[in-house]
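Chain Y is fixed; fit chain V onto it per the hints.
Residue numbers (the working numbering), protein chains in the order written: chain Y, 1 to 326; chain V, 1 to 326.
Hints listed in this document are in silico derivations from the structure and should not be mistaken for laboratory results.
Among the hints, a few may not be true.
As the list claims (entries may be wrong) - Below, a list of computed lysine to aspartate or glutamate pairs in the DMTMM-like style, where the Cα atoms sit at most 25 Å apart:
1) V/Lys76 <-> Y/Asp21
2) Y/Lys185 <-> V/Asp175
3) V/Lys194 <-> Y/Asp179
4) Y/Lys261 <-> V/Asp142
5) Y/Lys148 <-> V/Asp175
6) Y/Lys20 <-> V/Asp142
7) V/Lys185 <-> Y/Glu319
8) Y/Lys20 <-> V/Asp139
9) V/Lys83 <-> Y/Glu319
10) V/Lys261 <-> Y/Asp21
11) V/Lys261 <-> Y/Asp24
12) V/Lys185 <-> Y/Asp21
13) Y/Lys261 <-> V/Asp175
14) V/Lys96 <-> Y/Glu320
15) V/Lys109 <-> Y/Glu319
Said to hold, decoys possible - According to the in silico footprint, chain Y covers these stretches of chain V (three or more CB under 8 Å from chain Y):
16) 18 to 31
17) 275 to 288
18) 301 to 309
A virtual CB, placed ideally from N, CA and C, is assigned to each residue, including glycine.
There are 2 protein chains.
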Amino acid sequence: MKIGILGYGNLGRGVECAVKDNPDTELVAVFTRRDPSTVKIQTPNVPVLNVDAAKDWVGKIDVMILCGGSATDLPKQTPEFAKMFNVIDSFDTHAKIPEHFAAVDAAAKASGHVAIISVGWDPGLFSLARAYANAILPDGNDYTFWGKGVSQGHSDAIRRVKGVKNAKQYTVPIDAALDAVRSGKNPELTTRQKHLRECYVVLEEGADAAEVENAIKTMPNYFADYDTVVNFISEEELQTKHAGLAHGGFVIRSGKTGMSKEHGHIIEFSLKLDSNPEFTTAVLVAYARAACRLNAEGNNGCKTVFDIAPAYLCAQSNEELRAHLL
Amino acid sequence: MKIGILGYGNLGRGVECAVKDNPDTELVAVFTRRDPSTVKIQTPNVPVLNVDAAKDWVGKIDVMILCGGSATDLPKQTPEFAKMFNVIDSFDTHAKIPEHFAAVDAAAKASGHVAIISVGWDPGLFSLARAYANAILPDGNDYTFWGKGVSQGHSDAIRRVKGVKNAKQYTVPIDAALDAVRSGKNPELTTRQKHLRECYVVLEEGADAAEVENAIKTMPNYFADYDTVVNFISEEELQTKHAGLAHGGFVIRSGKTGMSKEHGHIIEFSLKLDSNPEFTTAVLVAYARAACRLNAEGNNGCKTVFDIAPAYLCAQSNEELRAHLL
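Chain Y on its own, in the form it takes in the complex (with noise of 0.2 Å):
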């Protein structure tokens, strides 16, 4: 399966990882939009190209991973690209996508092209975790806890206040929320409740930490909401002990059954994870080889995880998987 990557930041790298994870999967080119002899990947002997390019790679490139942002470059680049290419996507704008699909439907038709759209986890595995979910226990309640994970909209939030010179926010989940839901309890709980937001920021020389901690835990929409808590630190401190990517998150569902509803089932998925950007990859990898199987029975269109059957994931054969994974 000859894989091509778009984009080459913390996604696209991962990408790469994955392709080397999986012996099926091959990396044949990297598209960029930078000048391309700034561009260095790790994998020898892999053209990086101006993303120009693509077009004359048709063809030549099984399934086309788009690694770009969900506020300007998906919403552009994977219609257009579905047009050429299998394509997958982490467009990951939850308000939006009902329109991404339309678009991206519509052009991977007209082309006969399998295009997969926010794929990753979440949206992608917790999607998939509250679709089982509700399937089997109908009568119940969602919950979905982020973290411990750095959120870049609220790190990207901080910054923009006056006196801030760096920033990174860590949404916590909160262990008595999710020991309430685990009971059985069916709580309905708070938005402070739920999550904690732990922030690390440095200071403009000569700010006052007491006005940028106040303006901080006011702010509507991002903060107010929550119990924040407000570190000041260095920027030496913030680079080496805040740089990780490590981020996850829980999805239950807890419902009832019988028929006086007398008996209570929680379901749980949950994902720890070292490195964000890594994982996701590997889940996009893993729905690049449904792409590439999908197209070659002859399925075109837009899908989204929740239509395609598992067993198009898996490197195995299906009499494999029924002998050692079922």
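The following block gives chain V in isolation, referenced to the frame of chain Y:
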């Protein structure tokens, strides 16, 4: 969706509950090998019929849910009923799945029906957790823990010991082993390190407790390789405190990514169930929906959970799934 039940024990009763929870399903008939007049079901105006009458219901039942046992019932019933109906079973003799699959596949293909076998939680949801996690983290280790819950096979084995009147055996996962796995250390765990066997035993009048305890603890295959705790209790206590059908377990994959395998990841799926049969049948009914839809699309033959895209299990439309669960 018109559902038939074959066999009215714990599973049959569970299907009846699950049908009530899914507004798009309707129970139309229960078939039994017993005298139908002795079988009282909970749903009004649904006939209970002898199993031989099933052939008269061809065309009137969309999916027949087979609620027999894996040892002797299902190997015969599933191929036989797949000749007449779309069928779902919970065949759980892992080692014999390939053979069962082949027999059911031949029958279902010949008749144009869809049969989904080995549906439930293990095999079933645990198999899915293993397959997704293996596809995503090819370099890793799988760990499955069961319990806390009653093992029927081990309870039966204790009852065969001389001097034992009655018994229940709980399989208990050991916390230290779970913690070691979750830490990402990829431990090699012995049988003894993973599960504890907790036995509640009622002695026959005049039996020697020490002898019985020794006979249980040294029993090969069942107990000798485990730490086993034997508690002697009265029949009354067994009936009042140990009649529950709770169960559960954990599937964990611990894997590595990165150019130097420097990042560890933990994928964990767990279940905590008040009623093993009611949860199992909730899964069966979700897959009955899939069987019905797949057959309506012209599919036939034997399938497992690996072959079914999650959207087929869900009552919601694909648009609703993308908008609300992705």
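Checked hints:
{"no.": "1", "hint": "V/Lys76 <-> Y/Asp21", "in the structure": "42 Å, violated"}
{"no.": "2", "hint": "Y/Lys185 <-> V/Asp175", "in the structure": "23 Å, holds"}
{"no.": "3", "hint": "V/Lys194 <-> Y/Asp179", "in the structure": "24 Å, holds"}
{"no.": "4", "hint": "Y/Lys261 <-> V/Asp142", "in the structure": "34 Å, violated"}
{"no.": "5", "hint": "Y/Lys148 <-> V/Asp175", "in the structure": "22 Å, holds"}
{"no.": "6", "hint": "Y/Lys20 <-> V/Asp142", "in the structure": "21 Å, holds"}
{"no.": "7", "hint": "V/Lys185 <-> Y/Glu319", "in the structure": "31 Å, violated"}
{"no.": "8", "hint": "Y/Lys20 <-> V/Asp139", "in the structure": "11 Å, holds"}
{"no.": "9", "hint": "V/Lys83 <-> Y/Glu319", "in the structure": "23 Å, holds"}
{"no.": "10", "hint": "V/Lys261 <-> Y/Asp21", "in the structure": "10 Å, holds"}
{"no.": "11", "hint": "V/Lys261 <-> Y/Asp24", "in the structure": "19 Å, holds"}
{"no.": "12", "hint": "V/Lys185 <-> Y/Asp21", "in the structure": "20 Å, holds"}
{"no.": "13", "hint": "Y/Lys261 <-> V/Asp175", "in the structure": "30 Å, violated"}
{"no.": "14", "hint": "V/Lys96 <-> Y/Glu320", "in the structure": "13 Å, holds"}
{"no.": "15", "hint": "V/Lys109 <-> Y/Glu319", "in the structure": "17 Å, holds"}
{"no.": "16", "hint": "18 to 31", "in the structure": "holds (count 4)"}
{"no.": "17", "hint": "275 to 288", "in the structure": "holds (count 6)"}
{"no.": "18", "hint": "301 to 309", "in the structure": "holds (count 6)"}
Going down the numbered hints, you'll see the structure goes against 1, 4, 7 and 13, while the others check out.
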